[in-house]
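*Asks:* Line order of the protein sequences matches chains A and B. Heads up: the first sequence begins at 1 in the working numbering, then just goes up one per residue. Heads up: the second sequence begins at 1001 in the working numbering, then just goes up one per residue.
Just to be clear, a hint being listed does not mean it is correct.
[As the list claims (entries may be wrong)] Pairs of lysine-lysine residues, derived as DSSO-like cross-links and limited to a Cα-Cα distance of at most 27 Å, are as follows:
#1 A:K44 / B:K1141
#2 A:K137 / B:K1141
#3 A:K54 / B:K1181
#4 B:K1230 / A:K137
#5 B:K1141 / A:K153
#6 B:K1141 / A:K128
#7 A:K128 / A:K105
#8 A:K144 / A:K44
#9 B:K1181 / A:K144
[To be verified] Just some of the chain A residues that point at chain B, by a computed CB distance under 7 Å:
#10 K44
#11 K47
#12 K105
#13 A138
#14 G140
[Claimed, not checked] If you want a taste of the chain A side facing chain B, the calculated C-beta under 7 Å gives, among others:
#15 G43
#16 M46
#17 K64
It is worth saying that the hints were derived from the structure and are not from the lab. By construction, the Cβ of each residue, glycine as well, lies at the ideal position given by its N, Cα and C atoms.
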Amino acid sequence: MRKTILNSIIAISLGLSASAALASGLSGVDAAKDRQVHFKEMGKAMKTIFDQLKSGAPDQSVIKVQTALIADHAKALPSWFPADSGPSTGVKMQALPVVWTDKAKFAAKAHDLQIAAANLNAVAQAGKTADFMPALKATGDACKSCHETFRQKDPD
Amino acid sequence: MILPKSGAGEAETPLRPVRVWDLPTRLVHWLIAALIPFSWWSATNDHLSWHRLSGYVMLGLLGFRLIWGVIGSSTARFSDFVAGPPTVIAYLRGRSGARRIGHNPLGGWSVIALLTALALQIGLGLFAVDEDAIEAGPLSKFVSFDTGRAITHWHHQIFWVLVALITVHLVAILVYALRRKNLIGPMITGVARLSPSLTAPALASRTRLIIAAAVAAGLTWFVAHGLSFKP
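I would like the entire structure built from these sequences, with the hints used as guidance.
*Replies:* See the structure below:
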């Protein structure tokens, strides 16, 4: 009898944790891997913008696609770090544990990026070329500022 | 510079001052010696604008040194100091025959190794991209984000190869110092006191210097602007 109760408790708690995982939609490992894909997409988008600017004849339509991607990704960014997607997943990552321990600061940094990226996209879509460079710099600074605290530097 | 009055086997020979290294060679050497630590420091402390600038200066210095290795003063020329394995082995066994001015057969290969590692390091840096693609080398537009990131990884690795080679270089200088041969003095002043039996190096003309410097500077400008002469 006791065993049955214990088993039910185990079963229920397993079920609960499974549904918790389902709620976030992904296992911690998958979330960590997806997150890295998304960050690389943002890096690629930034590079595409800079390459366009360096080309001397930037293609506005290409830049608009990139700023939209960056703004969308920035919006989703806080959801990429569920509690179970940290270093304990065993996934090779440069996200530091402080992401999950100093949640308030991390959220504030993510918010800074969301504002900068939304502004960058608005400026790009409206074709306000004079405002583009400052908006791009603000977005880049938001990336960097967060990385300083929450991302491990590239190893030497 | 003080050389021992009684070097092995040369006790009775009066020495005379000889210009072993010309000014351009010494300047290139010491600027690179200063800029490698500076590049490391500026990269480590996120001063990427200075890091890029330092890399450009070294690209120019390296370009100059390679040209100087062909048209420069005799002791700077590759043909003067790059020797085949038999010569290097003979030197190591102390059977190198007559003493000569300039790099010895082993030191010549040390120069080649250092210049190769430096060229590789500068070359990789030109294509490097940081994680947010904000800081990037002038040629990064020719590679994808992923390739640029991989190159950055190698840029970090090669630095330690460079550090290893520099360490060997410094240890060699120390070994020669212990054997009472001062290599640092002549690299500063250009002058060594050597036996009169040795032929003094032929110094390259000012015209050659101007040509080498102009070509190196132009090439650096072209590369630093993403293979373009437009600023």
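*Asks:* Next step is simple, just say for each hint if it's right about the structure.
*Replies:* Going through the hints against the structure:
1. A:K44 / B:K1141: Status holds; Cα separation ~11 Å.
2. A:K137 / B:K1141: holds (19 Å)
3. A:K54 / B:K1181: The given pair, whose Cα atoms are some 52 Å apart, is violated under the 27 Å limit.
4. B:K1230 / A:K137: Holds - the C-alpha atoms of K137 (chain A) and K1230 (chain B) are around 23 Å apart, at most 27 Å.
5. B:K1141 / A:K153: holds (23 Å)
6. B:K1141 / A:K128: holds (24 Å)
7. A:K128 / A:K105: violated (32 Å)
8. A:K144 / A:K44: holds (15 Å)
9. B:K1181 / A:K144: violated (50 Å)
10. K44: holds (4 Å)
11. K47: K47 (chain A) check passes; min Cβ-Cβ to chain B is 4 Å, inside 7 Å.
12. K105: violated (19 Å)
13. A138: violated (12 Å)
14. G140: holds (4 Å)
15. G43: Since the shortest Cβ distance to chain B is 5 Å, the answer is holds.
16. M46: With a minimum Cβ separation of about 4 Å from chain B (threshold 7 Å), the hint on M46 (chain A) holds.
17. K64: violated (17 Å)
The earlier numbered hints that this structure contradicts are 3, 7, 9, 12, 13 and 17.
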